[in-house]
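Enquirer: Position chain B against the provided structure of chain A, taking the given hints into account.
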Amino acid sequence: MSDLNQNTLSQIANLIKTKKISSLEVTKFFIKNIEKAKKLNSFITTCFEKSLKNAKNFDSKKNYNGLLPGIPLAVKDLFCTKNIKTTAGSKILENFTPSYESSVTNNLWSEGAIILGKLNCDEFAMGSSNETSYFGNAINPIGKNLVPGGSSGGSASALAANLTPATIGTDTGGSIRQPASFTGTVGLKPTYGLCSRWGIVAFASSLDQAGPMTKNVEDCALLLEAMSGYDPKDSTSINKKKEQYSKNLNENVKGLKIGIPKEYRIDNMPKEIDNIWNKGIDILKKSGATIVDISLPHTNYALPTYYIVAPAEASSNLARYDGVKYGYRSKKGKNLIEMYENTRGEGFGREVKRRVLIGTYVLSSGYYDAYYLKAQKVRKLIKNDFDESFKKVDAILTPSTPSSAFKFGEKTNDPISMYLNDIFTVPVNLAGIPAISIPGGLDSKGYPMGLQLIAKALDEQTILNIALTMEKAINFKNSIDRWWEK
Amino acid sequence: MENDKFNYFIKTEKNNWEVIIGLEVHAQVVSDSKLFSGSSTKFGGKPNTQVSLVDSAFPGMLPVINEYCIEQAVKTGLGLNAKINLDSIFDRKNYFYADLPAGYQISQYKNPIVGEGEINLDMPYGSKKIGIERLHLEQDAGKSIHDLSPDNTYVDLNRSGVALMEIVSKPDLRSPEEVNSYIKKLRSIMRYLGTCDGNMQEGSLRADVNVSVRIKGETKFGTRCEIKNVNSIKFMEMAIDSEAKRQVELLESGKSIDQETRLFDTKKKETRSMRLKEEAHDYRYFPDPDLLPLKIEKSFVENLKKKLPELPDQKKDRYIKKFNLSPYEANVLVSEIDVSKFFEEVIKTSDIKLAKNWIIVELFAVLNEKNIEIKKSPVTPKNLAILINQISSGNISGKIAKEVFDIMVKTGSSADKIIEDKGLKQQSNPEEIKKIIKKVLDKHSEKVSEYKSGKVKLFGFFIGEVMKISAGKANPKLVNEILKTELKK
Chain A
-19 MSDLNQNTLS
-9 QIANLIKTKK
1 ISSLEVTKFF
11 IKNIEKAKKL
21 NSFITTCFEK
31 SLKNAKNFDS
41 KKNYNGLLPG
51 IPLAVKDLFC
61 TKNIKTTAGS
71 KILENFTPSY
81 ESSVTNNLWS
91 EGAIILGKLN
101 CDEFAMGSSN
111 ETSYFGNAIN
121 PIGKNLVPGG
131 SSGGSASALA
141 ANLTPATIGT
151 DTGGSIRQPA
161 SFTGTVGLKP
171 TYGLCSRWGI
181 VAFASSLDQA
191 GPMTKNVEDC
201 ALLLEAMSGY
211 DPKDSTSINK
221 KKEQYSKNLN
231 ENVKGLKIGI
241 PKEYRIDNMP
251 KEIDNIWNKG
261 IDILKKSGAT
271 IVDISLPHTN
281 YALPTYYIVA
291 PAEASSNLAR
301 YDGVKYGYRS
311 KKGKNLIEMY
321 ENTRGEGFGR
331 EVKRRVLIGT
341 YVLSSGYYDA
351 YYLKAQKVRK
361 LIKNDFDESF
371 KKVDAILTPS
381 TPSSAFKFGE
391 KTNDPISMYL
401 NDIFTVPVNL
411 AGIPAISIPG
421 GLDSKGYPMG
431 LQLIAKALDE
441 QTILNIALTM
451 EKAINFKNSI
461 DRWWEK
Chain B
207 MENDKFNYFI
217 KTEKNNWEVI
227 IGLEVHAQVV
237 SDSKLFSGSS
247 TKFGGKPNTQ
257 VSLVDSAFPG
267 MLPVINEYCI
277 EQAVKTGLGL
287 NAKINLDSIF
297 DRKNYFYADL
307 PAGYQISQYK
317 NPIVGEGEIN
327 LDMPYGSKKI
337 GIERLHLEQD
347 AGKSIHDLSP
357 DNTYVDLNRS
367 GVALMEIVSK
377 PDLRSPEEVN
387 SYIKKLRSIM
397 RYLGTCDGNM
407 QEGSLRADVN
417 VSVRIKGETK
427 FGTRCEIKNV
437 NSIKFMEMAI
447 DSEAKRQVEL
457 LESGKSIDQE
467 TRLFDTKKKE
477 TRSMRLKEEA
487 HDYRYFPDPD
497 LLPLKIEKSF
507 VENLKKKLPE
517 LPDQKKDRYI
527 KKFNLSPYEA
537 NVLVSEIDVS
547 KFFEEVIKTS
557 DIKLAKNWII
567 VELFAVLNEK
577 NIEIKKSPVT
587 PKNLAILINQ
597 ISSGNISGKI
607 AKEVFDIMVK
617 TGSSADKIIE
627 DKGLKQQSNP
637 EEIKKIIKKV
647 LDKHSEKVSE
657 YKSGKVKLFG
667 FFIGEVMKIS
677 AGKANPKLVN
687 EILKTELKK
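Chains as they are written, first to last, in our numbering: chain A, -19 to 466; chain B, 207 to 695.
Extracted from the complex, chain A is given alone in its bound form:
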């Protein structure tokens, strides 16, 4: 069998389409990779029997019309998958098996893809390092003791280690882009409403958005095209025609105006990040884009706003995990209230509890106006900042994260420093606009660091095109020696 470790999603799709390789061969290859990579702990659940069955089924029917013909894919364990355990990284859903399939994963299977398994993530997607997962942390293939980022940490880990040719994650405050940045991969957070939220375990409904995580920009366009689309079952889904991101992908950035927000040059940011950012700016200039200095004046308020809005919604969204209907139920407790307390006390981890408490507090009567309502107002201002900027520029370039991947345990006892990881990514979620993170280069430790491109709502194509141009120029190479296979 050929070594598919060097192949991208788009290439494998072509190999299958041109009958150079069968779906079953590809599937077996990735299963083998997964089996050799237990140390990475990227998976919570695998379903190889089903994968192999589906691959054989694909090969016998040979339907090459889909965008993802016979492609095996693993997905973040936040997407409900029919008859396959869906845990959201939590003890409280440890044994939960949905009877339904999320709209986004359903779109993938409709395009010909085949499920490989469910990927590790922070509990209910709350975390920036994958350390809050009940199933233990996934490991960054870059280094044994490095976090893969979060919350889509398992997804990034599996992708970088080539345990899946591409994957999907969810991004509430940076959960696709930050792990992509930490693992030297590409991740895109689409416009809010582009991908259906139906069947995704909810964290913060007004911010959650599913998106593609891939090895390169071409794959990203392909996967975004496959997973997006209007869904009447999600009231916040945008009713519009499906875009052909792959077909329209090009490297023409000539004449585009790229904004550089001065507020993103924060204190104590490693010099290396500045360097990578500046390198990106130079590439764009050379490609014929115009660089424009812009201001997003309310950037400073984004993080506190996010950490009010997201926990508020989460505190309510997670109320359904009460031990009554499904999921974990504590055996202790003399009455209903005690059953609730014990079930949720034992079923949720520390970070989830912390956010439920924060969320409950900011929504309480007497505090609502000062926190939640104020946060909503600031959220509008942040969105206005972007709206104003996009009158002047076509896209905005920033670093994806204020640092490269950190070590396990480094920030677990300091939630604020953990939260600061999201400083460049959360404004985009608050504004509901799309952003992509692509590898920008390596820092002195040899760890990858990402660059983020932001566009106005529904303008994914523009940042995909710019990203493609930059990708070519940067010519990033991850140095992964597959240590876990040794």
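Hints may be right or wrong, so weigh each one.
[Claimed, not checked] Distance condition first, Cα-Cα at most 27 Å in a straight line; then the derived DSS-like pairs of lysine-lysine:
| # | chain 1 | residue 1 | chain 2 | residue 2 |
| --- | --- | --- | --- | --- |
| 1 | B | Lys474 | B | Lys513 |
| 2 | B | Lys512 | B | Lys474 |
| 3 | B | Lys694 | B | Lys623 |
| 4 | B | Lys501 | B | Lys299 |
| 5 | A | Lys213 | B | Lys248 |
| 6 | B | Lys679 | A | Lys213 |
| 7 | A | Lys357 | B | Lys588 |
| 8 | A | Lys357 | B | Lys316 |
| 9 | B | Lys690 | B | Lys631 |
| 10 | A | Lys221 | B | Lys501 |
| 11 | B | Lys390 | A | Lys305 |
| 12 | A | Lys354 | B | Lys631 |
| 13 | B | Lys501 | A | Lys222 |
| 14 | B | Lys299 | A | Lys305 |
| 15 | B | Lys299 | A | Lys360 |
| 16 | A | Lys311 | B | Lys349 |
| 17 | B | Lys349 | A | Lys305 |
| 18 | A | Lys357 | B | Lys217 |
| 19 | A | Lys213 | B | Lys316 |
| 20 | A | Lys305 | B | Lys252 |
| 21 | B | Lys501 | A | Lys360 |
| 22 | B | Lys335 | B | Lys528 |
| 23 | B | Lys501 | A | Lys436 |
| 24 | B | Lys252 | A | Lys312 |
| 25 | A | Lys220 | B | Lys390 |
| 26 | A | Lys391 | A | Lys19 |
| 27 | B | Lys504 | B | Lys390 |
| 28 | B | Lys683 | B | Lys694 |
| 29 | A | Lys333 | B | Lys683 |
| 30 | A | Lys213 | B | Lys694 |
| 31 | B | Lys640 | B | Lys608 |
| 32 | B | Lys623 | A | Lys213 |
| 33 | A | Lys436 | A | Lys265 |
| 34 | A | Lys354 | B | Lys335 |
Calculated directly from the structure, the hints in this document are not laboratory data. Since we're looking at a predicted model, the values are computed, not measured.
Expert: Chain B in isolation, oriented as in the chain A frame:
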């Protein structure tokens, strides 16, 4: 008339206390499916057979607004002469309970779909307008069943997610009687509109009652107590009366009222404390991020307005003007849409005046006695019209008509057939009547002499004898005339 004046006060040695009442009515929206899911809303299904993944709050499930329920709420708003809010918001009301699967109820808090309106009540002391504060849409919770097992509680989610309209009155009601009238009028309007079937036994109409008292003449409201979920009008009236008296007693003995939620004990006929204000839930309301703010087009409202049926007040005015009915009669006939339908069916082919009397007096007596609704009346509108036409055409007397009606109630057969079978047709042949009269006068010649010597009261005796012989069928008018002539001879 002194009796017709408003006189509901709690009178004590010291004071006259006025009772202030406001109502929060929960009316189940008539709709085949639930407010945010496609599950059936049918009453009486086996437990947990009408539950979707959304209703049971499975992970990742999302609500989608049922447009028909929006239409029903707007229609109801229009029926209450209320302001329709083109922009409204669905909020989450957060609290934990076993029959609330999501841990929150989707409701409307600060921006309801319907704003201020009013309801007109016809009280014996005149008409009175009761303000409507708001109407909002919300989902119902499921049902906890505690009595199936000593150790466990069972939960039935069939009702979970069913659309309810919460209709909040202003504190404009002043007596149990007004509350009775308000509920009935509200129910009547919703039944006319087809937006709520108003069935209190099946729980499709429930109410929370806010009660406070103040000394007559005061303008400031007293501290109120809320009586939860009283499920019949009769109990509502009792609960208000007992709660008002409790509050007066407390205040007159120098104590104060705690703002609290109370329950009405239907056996003891008194309210008892459920929870104090301090124990009240903090519902942590916030706009549901799964639903966009609800926007209604003006044209949508205008279209519904055009299609609005004639409502009780309009129908009442029409009956008074067109049919020459008294306001009382008109009110009785319009208050239930089924009664007005029945009435209009009867008068299609028969006399209006007779029809209204027969419905209001005879038919209502039967329905009351049997405790059935007019829809299930044993006498159909068509049959009642036939009976009335027999009276109008002089074929039977009013007295015989009642006999026929009784048989109609028992057997359900038509008036024509009963009259035919029992030979009850009125005797209107003057010759035949004359024969009977002669027979009577011959038999009682002594009484005839007495009559002629001035004992005119005996006229009635002769009439009675004639009717006896004719088995009540002789035309009373003819009997009268002919008897007078014969006695003069």
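Enquirer: Taking the hints in turn, state whether each one holds.
Expert: Here is how each hint holds up against the structure:
{"no.": "1", "hint": "Lys474(B) / Lys513(B)", "verdict": "violated, 47 Å"}
{"no.": "2", "hint": "Lys512(B) / Lys474(B)", "verdict": "violated, 49 Å"}
{"no.": "3", "hint": "Lys694(B) / Lys623(B)", "verdict": "violated, 40 Å"}
{"no.": "4", "hint": "Lys501(B) / Lys299(B)", "verdict": "holds, 21 Å"}
{"no.": "5", "hint": "Lys213(A) / Lys248(B)", "verdict": "holds, 23 Å"}
{"no.": "6", "hint": "Lys679(B) / Lys213(A)", "verdict": "violated, 73 Å"}
{"no.": "7", "hint": "Lys357(A) / Lys588(B)", "verdict": "violated, 66 Å"}
{"no.": "8", "hint": "Lys357(A) / Lys316(B)", "verdict": "holds, 17 Å"}
{"no.": "9", "hint": "Lys690(B) / Lys631(B)", "verdict": "holds, 24 Å"}
{"no.": "10", "hint": "Lys221(A) / Lys501(B)", "verdict": "holds, 23 Å"}
{"no.": "11", "hint": "Lys390(B) / Lys305(A)", "verdict": "violated, 39 Å"}
{"no.": "12", "hint": "Lys354(A) / Lys631(B)", "verdict": "violated, 84 Å"}
{"no.": "13", "hint": "Lys501(B) / Lys222(A)", "verdict": "holds, 25 Å"}
{"no.": "14", "hint": "Lys299(B) / Lys305(A)", "verdict": "holds, 20 Å"}
{"no.": "15", "hint": "Lys299(B) / Lys360(A)", "verdict": "holds, 24 Å"}
{"no.": "16", "hint": "Lys311(A) / Lys349(B)", "verdict": "holds, 23 Å"}
{"no.": "17", "hint": "Lys349(B) / Lys305(A)", "verdict": "holds, 14 Å"}
{"no.": "18", "hint": "Lys357(A) / Lys217(B)", "verdict": "violated, 53 Å"}
{"no.": "19", "hint": "Lys213(A) / Lys316(B)", "verdict": "holds, 26 Å"}
{"no.": "20", "hint": "Lys305(A) / Lys252(B)", "verdict": "holds, 18 Å"}
{"no.": "21", "hint": "Lys501(B) / Lys360(A)", "verdict": "holds, 20 Å"}
{"no.": "22", "hint": "Lys335(B) / Lys528(B)", "verdict": "holds, 25 Å"}
{"no.": "23", "hint": "Lys501(B) / Lys436(A)", "verdict": "holds, 25 Å"}
{"no.": "24", "hint": "Lys252(B) / Lys312(A)", "verdict": "violated, 31 Å"}
{"no.": "25", "hint": "Lys220(A) / Lys390(B)", "verdict": "violated, 48 Å"}
{"no.": "26", "hint": "Lys391(A) / Lys19(A)", "verdict": "holds, 22 Å"}
{"no.": "27", "hint": "Lys504(B) / Lys390(B)", "verdict": "violated, 30 Å"}
{"no.": "28", "hint": "Lys683(B) / Lys694(B)", "verdict": "holds, 17 Å"}
{"no.": "29", "hint": "Lys333(A) / Lys683(B)", "verdict": "violated, 92 Å"}
{"no.": "30", "hint": "Lys213(A) / Lys694(B)", "verdict": "violated, 93 Å"}
{"no.": "31", "hint": "Lys640(B) / Lys608(B)", "verdict": "holds, 26 Å"}
{"no.": "32", "hint": "Lys623(B) / Lys213(A)", "verdict": "violated, 61 Å"}
{"no.": "33", "hint": "Lys436(A) / Lys265(A)", "verdict": "holds, 21 Å"}
{"no.": "34", "hint": "Lys354(A) / Lys335(B)", "verdict": "violated, 40 Å"}
In summary, the numbered hints that this structure violates are 1, 2, 3, 6, 7, 11, 12, 18, 24, 25, 27, 29, 30, 32, 34.
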